[in-house]
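Trainee: Here the sequence shown stands for residues 47 to 160, numbered as in the numbering used here.
These are computed hints drawn from the structure, not numbers from a lab.
Beta carbons: idealized from backbone N, C-alpha and C, even for Gly.
Be aware that one or more of the hints could be misleading.
Here are the computed distance ranges between Cβ atoms for each label pair [unchecked claim]:
#1 E96 - I135: 21 to 27 Å
#2 I61 - E96: 24 to 30 Å
#3 M68 - A128: 21 to 27 Å
#4 G54 - D115: 43 to 49 Å
#5 C76 - Q154: 32 to 38 Å
#6 L67 - D115: 25 to 31 Å
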Amino acid sequence: GALQISIGRMIDDMIRFMFILMIILTAFHCGLNNIYVPYQETEKLGNFNETFQFLFWTMFGMEEHTVVDMPQFLVPEFVGRALYGIFTIGMVIVLLNMLIAMITNSFQKIEDDA
């Protein structure tokens, strides 16, 4: 009944959300990776796989923000910090609220039709 339809629509919302999440994650991944590749100052940035893991665990709050620091290179450090800050704010605040809104909207449509 209504519960099956609700779960199906929520799964559709999750798939759409994951698609948007992967696009944004890939964009920030490429940006941060390209900033840190020439410097190799940090062990978690500058390597394609390590940068991806760093950004993935950042979404869950499991990484230190000091990883993006490079004191001897001021401009790349500033750009890296700015990108990292935008990524963190975008993931935690914007995308999480978007997911909640998508699922709430789907549930509301199902409830209105029932």
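Trainee: Does each hint fit the structure? Answer for all of them.
Mentor: Here is what the structure says about each hint:
no., hint, verdict
1, E96 - I135: 21 to 27 Å, "holds (22 Å)"
2, I61 - E96: 24 to 30 Å, "holds (28 Å)"
3, M68 - A128: 21 to 27 Å, "holds (22 Å)"
4, G54 - D115: 43 to 49 Å, "holds (46 Å)"
5, C76 - Q154: 32 to 38 Å, "holds (36 Å)"
6, L67 - D115: 25 to 31 Å, "holds (26 Å)"
In summary, this structure violates none of the numbered hints.
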